[in-house]
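Trainee: Here is how the chains run, residue by residue.
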Amino acid sequence: MKRYIPLREAILGAAILTLTLLVASRFPGFIAPSNLANVFNDTAPLIILALGQMVVILTRCIDLSVAANLALTGMAVAMINVALPGLPIPVILTIAVLMGAFMGAINGLLVWKLSIPPIVVTLGTMTIFRGIIFLISDGKWVNSHEMSPAFTGFPRTVLLGLPVLSWVAILTVIVFGIMMARTQSGRSIFAVGGNPHAAVYTGIDVGKTQFWAFVASGALAGLTGYLWVARYAVAYVDIAGGFELEVVAACVIGGISIAGGIGTVGGAVLGAIFLGIVKNALPVVDISPFWQLAISGSAILIAVAFNARSGRNKGRVILKSAEATQ
Amino acid sequence: MMDTPTTRHIPDRLNSRAARIFKSWEALLLAVAIAIFVVNSFASPYFLNAWNLSDATFNFTEKAMIAFAMALLIIAGEIDLSVASIIALASTAMGLAMQHGAGTPELVIIGITVGLLCGAFNGFFVTVLGLPSIVVTIGTMSLFRGISYIILGDGSFSGYPSSFAWFGQGYIYWVFTVEMLLFVIIAVIYGVLLHKTNFGRAVYAIGNNPTGALFSGIRVQRVKFILFLLTGLMSGIAAICLTSRLGSTRPSIASGMELEVVTMVVLGGVNILGGSGTIPGVVIAAFVMGLVTFGLGLLNVPGLVMSIFIGLLLIGVIALPRLWTMVAQRPKA
Numbered sequence: 001m002k003r004y005i006p007l008r009e010a011i012l013g014a015a016i017l018t019l020t021l022l023v024a025s026r027f028p029g030f031i032a033p034s035n036l037a038n039v040f041n042d043t044a045p046l047i048i049l050a051l052g053q054m055v056v057i058l059t060r061c062i063d064l065s066v067a068a069n070l071a072l073t074g075m076a077v078a079m080i081n082v083a084l085p086g087l088p089i090p091v092i093l094t095i096a097v098l099m100g101a102f103m104g105a106i107n108g109l110l111v112w113k114l115s116i117p118p119i120v121v122t123l124g125t126m127t128i129f130r131g132i133i134f135l136i137s138d139g140k141w142v143n144s145h146e147m148s149p150a151f152t153g154f155p156r157t158v159l160l161g162l163p164v165l166s167w168v169a170i171l172t173v174i175v176f177g178i179m180m181a182r183t184q185s186g187r188s189i190f191a192v193g194g195n196p197h198a199a200v201y202t203g204i205d206v207g208k209t210q211f212w213a214f215v216a217s218g219a220l221a222g223l224t225g226y227l228w229v230a231r232y233a234v235a236y237v238d239i240a241g242g243f244e245l246e247v248v249a250a251c252v253i254g255g256i257s258i259a260g261g262i263g264t265v266g267g268a269v270l271g272a273i274f275l276g277i278v279k280n281a282l283p284v285v286d287i288s289p290f291w292q293l294a295i296s297g298s299a300i301l302i303a304v305a306f307n308a309r310s311g312r313n314k315g316r317v318i319l320k321s322a323e324a325t326q
Numbered sequence: 327m328m329d330t331p332t333t334r335h336i337p338d339r340l341n342s343r344a345a346r347i348f349k350s351w352e353a354l355l356l357a358v359a360i361a362i363f364v365v366n367s368f369a370s371p372y373f374l375n376a377w378n379l380s381d382a383t384f385n386f387t388e389k390a391m392i393a394f395a396m397a398l399l400i401i402a403g404e405i406d407l408s409v410a411s412i413i414a415l416a417s418t419a420m421g422l423a424m425q426h427g428a429g430t431p432e433l434v435i436i437g438i439t440v441g442l443l444c445g446a447f448n449g450f451f452v453t454v455l456g457l458p459s460i461v462v463t464i465g466t467m468s469l470f471r472g473i474s475y476i477i478l479g480d481g482s483f484s485g486y487p488s489s490f491a492w493f494g495q496g497y498i499y500w501v502f503t504v505e506m507l508l509f510v511i512i513a514v515i516y517g518v519l520l521h522k523t524n525f526g527r528a529v530y531a532i533g534n535n536p537t538g539a540l541f542s543g544i545r546v547q548r549v550k551f552i553l554f555l556l557t558g559l560m561s562g563i564a565a566i567c568l569t570s571r572l573g574s575t576r577p578s579i580a581s582g583m584e585l586e587v588v589t590m591v592v593l594g595g596v597n598i599l600g601g602s603g604t605i606p607g608v609v610i611a612a613f614v615m616g617l618v619t620f621g622l623g624l625l626n627v628p629g630l631v632m633s634i635f636i637g638l639l640l641i642g643v644i645a646l647p648r649l650w651t652m653v654a655q656r657p658k659a
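Read top to bottom, the protein sequences are chains A and B. Per this note's numbering, the very first residue in the first sequence carries number 1; after that it's consecutive. Per this note's numbering, the very first residue in the second sequence carries number 327; after that it's consecutive.
One should not assume that every hint holds.
[What the hints assert, rightly or not] Pair ranges (Cβ atoms, derived): (1) A/A32 - B/G496: 58 to 68 Å; (2) B/P431 - A/D286: 36 to 46 Å; (3) B/D480 - A/P28: 22 to 32 Å.
[To be verified] On the chain B side, residues computed to face chain A include the following (Cβ under 10 Å): (4) L457; (5) I477; (6) L555; (7) G582; (8) M583; (9) V631; (10) L638; (11) L640; (12) I644.
Hints were generated in silico from the structure; no laboratory data involved. These numbers come from a predicted model, not from an experiment. Every residue, glycine too, gets a C-beta built ideally from N, C-alpha and C.
For reference, chain A alone in the conformation it holds in the complex (with noise of 0.2 Å):
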């Protein structure tokens, strides 16, 4: 019953409409179609990361290093359109996913071949990733100016009335929505962060299917990290700082389970609306933004008690009322 009629996204999907009615009655303009498109293009890039999070949350990994790995493709091809002007966008566009998916593997290898946790790995990754930003570019900016109009008008271009960016978002809900709900790799991964030892059993290889899960995290990474700078027009050493965070916080809202196995891409979408709508909303309500952190904060902590609820009486682990009375 509960699998035809997904309680979670429907909840959720009414708590993001509340809130937007609750906002559209102080202030009608912002359901305004055109508004609305523009608050869903600054959520974007939100969208795709939480896509890739979230298969890697699935796996039962955390990669934190999605923001620092967005903020060194996207100065890697900022300097590169330096360097080479000419060079056309569908070159750009796969140097990025090609430099993201690359870190990604790093990721993916330490955890496959040297089985260390991957919230140890990602957060060195994390931290070298920013370091090398700093040393290719000596903590310089490169400025709008300084890049080819092509370069920055790409995520701009507007297509059928929204922006390229926008549409870049929904055709990556699209293919994964149809991966992890049509292919074999959606489904193994599924496996893996369920039930890891029944996965081995079935014949899925976990380790390496957390590799395509960091593969797949990294390659989005590095596909918005030259959408952000592009559309931004500027690359510096902090661009996203903290960002993964934010990314980690839209996957909890929409219902993946952090110790992996259960959520859906329409779960991540939905996190990643709500933490963007909650962010565009605030300045036209006449709330000071300073509010946002303690907003996202708090809705954090409600979804993942309301998720852990609905899921308690499931009773997975035997002794868990045992362990609960205590």
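Position chain B relative to chain A; hints supplied.
Mentor: For chain B alone, coordinates are given in the frame of chain A:
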């Protein structure tokens, strides 16, 4: 159930090969620290200066205070990512109180109280509601710092009483700072707590096998709650030292420190998955991190490039023993 030796995990693990690797790893870490010290003293003529070295201890003393409590928490299988935000909130509360005329003793009490309250808040969510600590503390990390931002906006508090400066800027004797003294006292307390008491054994037991620990009569949730109180308390104390040293409070104070604290703990040989680790290891790791950043700083290496070294050190420390065993096991396989 009672007659089964459920506590056997503890002595077993402590004498296992993995534990011995960690023990010898502490020795190796110490050698690394000494090597860095020697290299530094040759690399820069300014290194072997008592005042410089004393200044360098600020690189790690505040982080290490939290790292000791964090080590216990991680050994017990949990984590607290909100520690830096607790510092921000405690510091903001102290700033508010200072503006209402609070003196140094009140400021100290407020800092510690806010730390404990934040720890209790985390502990409540983790132990009473049974939620994963990594998610809870990512949430409270935003929440606590968010409250600081709500109160402070883009402003700051400064003008702390001069007697308050003693905690972060004072000297006990010659070049030995108040913070260094606190660091030593806290290290000894945590060393005794973890290695010489029943509470410490309970922490290891919980990290190795929570269910087994429960059935051997350990109040798992209560111990975990106390551990969250301790990280909160240490963050409060660190907030007092840091606020006093900087002489001001900004909402962005100590940002990113939670990951440095975790790095320090893991570098010290504490297993991030829980169950093993020692306080001496964390002490040495604190010195290694302090020496690396200080030495590289004297060589004019920018802060962000230092982070490459810290990241490589972190992954290297964990990867080397595993590579070692992989190579050692290869001929047999």
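Trainee: Confirm or reject each hint.
Mentor: Hints, verified against the model:
1. For the pair A/A32 and B/G496, the supplied restraint of 58 to 68 Å holds, since their beta-carbon distance comes to about 59 Å.
2. Our hint of 36 to 46 Å for B/P431 and A/D286 holds, since their Cβ atoms are close to 40 Å apart.
3. A hinted range of 22 to 32 Å for the beta carbons of B/D480 and A/P28 is consistent with their spacing of about 30 Å.
4. Because the closest C-beta pair between B/L457 and chain A is about 5 Å apart, less than 10 Å, the hint holds.
5. Proximity of B/I477 to chain A holds as hinted, the smallest CB-CB distance being about 9 Å (cut-off 10 Å).
6. A least Cβ separation of about 17 Å between B/L555 and chain A goes past the 10 Å threshold, and the interface hint is therefore violated.
7. This hint holds: B/G582 has a C-beta 8 Å from the nearest C-beta of chain A, less than the 10 Å allowed.
8. Annotation: interface hint on B/M583 violated; nearest CB of chain A at approximately 12 Å, more than 10 Å.
9. Checking B/V631 against chain A: minimum C-beta separation of about 5 Å stays under 10 Å; hint holds.
10. This hint holds: B/L638 has a C-beta 6 Å from the nearest C-beta of chain A, less than the 10 Å allowed.
11. Satisfaction of the interface hint for B/L640 is found here, the shortest Cβ-Cβ separation to chain A being roughly 4 Å, below the 10 Å cut-off.
12. Hint on B/I644 holds. Least Cβ distance to chain A is approximately 5 Å, under the 10 Å limit.
The structure does not agree with the numbered hints 6, 8 stated previously, though it agrees with the rest.
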